[in-house]
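So the protein lines, in turn, are chains A and B. The numbering used here puts the first residue of the first sequence at 400, with every later residue one more than the last. The numbering used here puts the first residue of the second sequence at 400, with every later residue one more than the last.
By construction, these hints were calculated from the structure, which means they are not laboratory data. Careful, some of the hints might be misleading.
It does not matter which identical chain is meant; a pair holds if it fits inside one copy or across any two.
Stated by the list, open to error - DSS-like mimics (lysine-lysine), calculated; alpha carbons at most 30 Å apart, straight line:
hint, residue 1, residue 2
1, LYS421, LYS612
2, LYS549, LYS584
3, LYS405, LYS501
4, LYS527, LYS598
5, LYS549, LYS405
6, LYS408, LYS612
Number of protein chains: 2
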Amino acid sequence: MLKNLKMIKTFINKNQIEELEKQKRVHLINSLGGFKSVSLVGTSDENGNENLAIFSSFFHIGANPPLIGLIFRPSPPERDTMRNILDTGFFTVNHINESIYKHAHQTSARYEKGISEFHVTGLKSEYKNGFHAPFVAESNIQLGVEFKEKIDISINSTTMIIGEITQIYIPENCLLDDGFIDLEKANTITCSGLDSYHKTIQLDRLSYAKPDKEITSLL
Amino acid sequence: MLKNLKMIKTFINKNQIEELEKQKRVHLINSLGGFKSVSLVGTSDENGNENLAIFSSFFHIGANPPLIGLIFRPSPPERDTMRNILDTGFFTVNHINESIYKHAHQTSARYEKGISEFHVTGLKSEYKNGFHAPFVAESNIQLGVEFKEKIDISINSTTMIIGEITQIYIPENCLLDDGFIDLEKANTITCSGLDSYHKTIQLDRLSYAKPDKEITSLL
């Protein structure tokens, strides 16, 4: 039997969601998505002007080829990160750790055109192995990503950008023999809602599930 | 200045990614996505046969209307969850907590057609407020979602399903005045890679970022 400490629940229906005050709805709906990957997306324009932006909408699309997706809110206003990706074809995804999450959060401020978030936050850009876009030097897990496809989501005028991971940088002591990365050892953190940051404690790694077979711990 | 305990990094390039043994690549690429929301998606077919499946590819698309996305791997084999969503128009998303993550993981086993993952795992289905699809009774945060749109991602033959959240159930003591949900109080957990589960410790909630203004803690 399951141990179930049942919590008393509040029910919010469709009409009540629609009638919520705007900022409250934004916090609520963003919280419902659970814990999310959060990362810094680095780009530069064709003249080398750098841009850095925090994203919590980065998700896995497939392993072969290695594809990820990002959701962009409607334009206008112009989205510098998206424009740079479309103009140059490249971006970086940099995991956020406990030392830099406040700097990362600060990149969400609306700076004037021409101001680099690297400059104002003090995060350091890093170029390597011929990749066009800047990596975040303080990030322990860094991905170089090539633009592959843009899909317009007409229902709410957002845009999905799909990219292929072509460069991977990971701390050498965090990569396990079976390909799994120990993200806790790499100090990667997670977020919830719009503004809450969390570190993690591993509960377990579980064996591949099969019918009629007990799951075991891989640790 | 940033405190930066620099880790020695391994570089994996595009050719090396392509040459990785398949299972190792799957673990690696799934790990790169960072910590992810993980939830149980409940559906039933037109005859009321229930299905329950674990997903770690659930992401926020927008708050107004409240939209979420899910990525499905290529068919065939037939994806019961997707077929039920397309046939009935409804599904539930149920957050996973520490008491049920092993049961949740077990739903990823390939059961024969006609076998309900509710039955084999012992998780209890729950119907309420006229919603067609089954909720997971042991889940503390439950969402009723209406199908809105199907987008085929041709680049790797996956499918994105977009749904609108129309029913929300949350523990009454977890909802803050500003709309933020305290997911830790609701015992929601996160996952990494294909098989690793983690609980969280909140570092901070940060104020809305503005240029030339110091970020403060909201706690």
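Comparing the hints with the structure gives:
no., hint, result
1, LYS421 with LYS612, "between (48 Å within a copy, 24 Å between copies)"
2, LYS549 with LYS584, "neither (34 Å within a copy, 38 Å between copies)"
3, LYS405 with LYS501, "between (35 Å within a copy, 18 Å between copies)"
4, LYS527 with LYS598, "within (29 Å within a copy, 35 Å between copies)"
5, LYS549 with LYS405, "neither (43 Å within a copy, 35 Å between copies)"
6, LYS408 with LYS612, "neither (34 Å within a copy, 38 Å between copies)"
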